[in-house]
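K.L.:
Listed below are the residues making up each chain.
Number of protein chains: 2
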Amino acid sequence: MGAGLQPTREGDVTFACDAPFQLEAGGALQPVAIRYAVYGELNTARDNAVQVCHALSGSARVADWWPEMFAAPSTANGGPHNAVFDLSRDCVICANILGSCYGSTGPASTNPATGRPYGPDFPVVHVRDIVRTQARVLDELGVKHLRTVIGASIGGMQALQWAIDYPDRVGHCIAIGTAPLSAMGLALNHLQRKAILLDPKFQGGHYPAGQQPADGLALARAIAMCSYKSAELFGERYARKANRNGEDPLRSLHERFDVAGYLDYQGEKFEKRFDANSYLVITKLMDTFDLARGYASEEEALRRIRAQVSLIGISSDWLFPPEDVLSLAKRLQAAGVACNYTEFESAHGHDGFLAEMEAIAAVVNGSVEARRTCARG
Amino acid sequence: MGAGLQPTREGDVTFACDAPFQLEAGGALQPVAIRYAVYGELNTARDNAVQVCHALSGSARVADWWPEMFAAPSTANGGPHNAVFDLSRDCVICANILGSCYGSTGPASTNPATGRPYGPDFPVVHVRDIVRTQARVLDELGVKHLRTVIGASIGGMQALQWAIDYPDRVGHCIAIGTAPLSAMGLALNHLQRKAILLDPKFQGGHYPAGQQPADGLALARAIAMCSYKSAELFGERYARKANRNGEDPLRSLHERFDVAGYLDYQGEKFEKRFDANSYLVITKLMDTFDLARGYASEEEALRRIRAQVSLIGISSDWLFPPEDVLSLAKRLQAAGVACNYTEFESAHGHDGFLAEMEAIAAVVNGSVEARRTCARG
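Taken in sequence, the protein lines are chains U and B. Mapping of the first sequence onto the numbering used here: residues 1 to 377, in sequence order. Mapping of the second sequence onto the numbering used here: residues 1001 to 1377, in sequence order.
Simulated from the structure, these hints should not be mistaken for laboratory data. A portion of the hints provided could be inaccurate.
Stated by the list, open to error - Lysine to aspartate or glutamate pairs mimicking EDC-like chemistry, simulated, CA-CA at most 20 angstroms apart:
| hint | chain 1 | residue 1 | chain 2 | residue 2 |
| --- | --- | --- | --- | --- |
| 1 | B | K1241 | U | E255 |
| 2 | U | K272 | U | D64 |
| 3 | U | K241 | B | E1298 |
| 4 | U | K144 | U | D47 |
| 5 | U | K241 | B | E1236 |
| 6 | B | K1241 | U | E247 |
| 7 | B | K1241 | U | D290 |
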């Protein structure tokens, strides 16, 4: 496994120094810096690059948040578990998304026009913009072609966008628990943003560094956690138990059930590592993801794809329900794309791709195998 | 139908003037006033009383929020639709729940000890307390026995509690979309309360009249609306459409999709008619509802029931999933209770009991018929 695995290389690619990087929604950024991490090495044929696209709160350091996807170094030539990335074979690349707070240009970055952080003036970013910044990173790294682009959730959106916008550069696109967001998903993201705005410390987004709207961001995260997990899992884990710290939820208004204690803990943990303005920007780009963007229709967009596409739905995911992922698979097939669909059985909800990494790795490997069979057939 | 139907009588029953009304959670209130409304008249045998128990935001005026349950006055002897309440036969009684803001003693009432509103000092109330106040109202009205007690959501909790706590006073208990709240339900209520507390206008619950934490309460209601409706309904109604007021959600952070505009509207409408402290108290009593309360076990509680019980699950309800309602029906049956279960097919989610009144009325009537068959058999 990759826990503790360090990147072979990491750094920033900076561009748009002379001319602004124009964004889909109309804004622009100048300059743009994208933090990337590389695990393993490009081979001489440069045909072993695998790009991982991270989700909402991830970073370029894939091995930090998706460790079980990597073969253990000691068994790099084929360990006992279902590793997806084997650094004796693969060069794994990941770039932190534009708008994030893990190294790439985002709302906490200094706005050269003012000398202060962008804050709420950071422009709206779409998934297409992110993919374009990643292409710049790959150009810089000398990677012309990706054997695989893989991601889950917002990462899956990027993987699909890669297959559409750069059809010649992608061999296999693997998208897990992703589809254009449904009305319920749009609703939940909206409410999360409202929670941040409700916090008086938000100050219109102009909060000083270290004094962000922590309570609002924690509440947003807690709302999100409900959509990342499943009712079944909450039932199994927490049921109607009192908070494990000894509170008595029957007695007073603010003493909690265990599930509430869990959500508060997740919120508090999150606000210590994430920026509220980044959260607004990234949930927004999750909302605006639409496969038709930039093309005459979704069908026209999908017809561009030359990669094999593997879609994986998570059985208990209610943020990106498996039916929505399956529906997307059917639209891809109807557009002539070689697309396979697998349903990953998990009670963990959307978070299944992180909570059950070994199992999802096995499913991903199954998709890779299905792809090889396709290619041979 | 009952739209515009006025109560035959309404008023307050006041008690606990000399000795405090002791509450389940340990607090007490002195005095207690309960607002009630009566539609129709008690017959001379006093055997035609039907008690309706209202849900979170309801009032004693049943005909205002459940109009289609009433036969139209012109067809009171059997109209063309599936009326549940026929005032030529039934005397319909409803009491506003303790803690509410529609006439009964609640957080906005004056605390005689201080001369100011109770606010955050209003005690924790359980469903058992509410049922006990309703029994006092019925005593006052001279009603010894209820032919039927019926309610949905928190109203269904009260109906069940009636059948347990007053086994000799209930003939038929009809509970719609109700069960002890699951961990997911507890989670969502907790987050709603946090939204209210996050609003700086909350001021620890000591906000002045007319200056309540409107934004926090609106956000709480918007979160709740997601749990009252279904993803399917949101998908059909709003899909990924832009807000109907012309906003462009692709362009800026705060321009909305249609579903977000809908939720904001629902939140704003709600905060104009409901009190934030009442919201805290009532979501809490929804949390704490537990059939075992006051008895050695749930089974012991259920074994007390002598009423016929009809449970109705709503197919798309994810706040009180039909599986939870069915599971409760099975536990009732196992405890020897004459209980039937019906699943109401609706895409409206938990709100189906309000959104599709005519259809739910037909289902309720089916339950009544099933009960009569049972009684005859």
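K.L.:
Indicate, hint by hint, whether the structure satisfies it.
P.N.:
Against the structure, the hints come out as follows:
1. K1241/B <-> E255/U: 40 angstroms, violated
2. K272/U <-> D64/U: At roughly 17 angstroms apart (the allowed maximum being 20 angstroms), D64/U and K272/U satisfy the hint.
3. K241/U <-> E1298/B: 15 angstroms, holds
4. K144/U <-> D47/U: 8 angstroms, holds
5. K241/U <-> E1236/B: 36 angstroms, violated
6. K1241/B <-> E247/U: 44 angstroms, violated
7. K1241/B <-> D290/U: Measuring from Cα to Cα gives roughly 12 angstroms; hence the hint holds.
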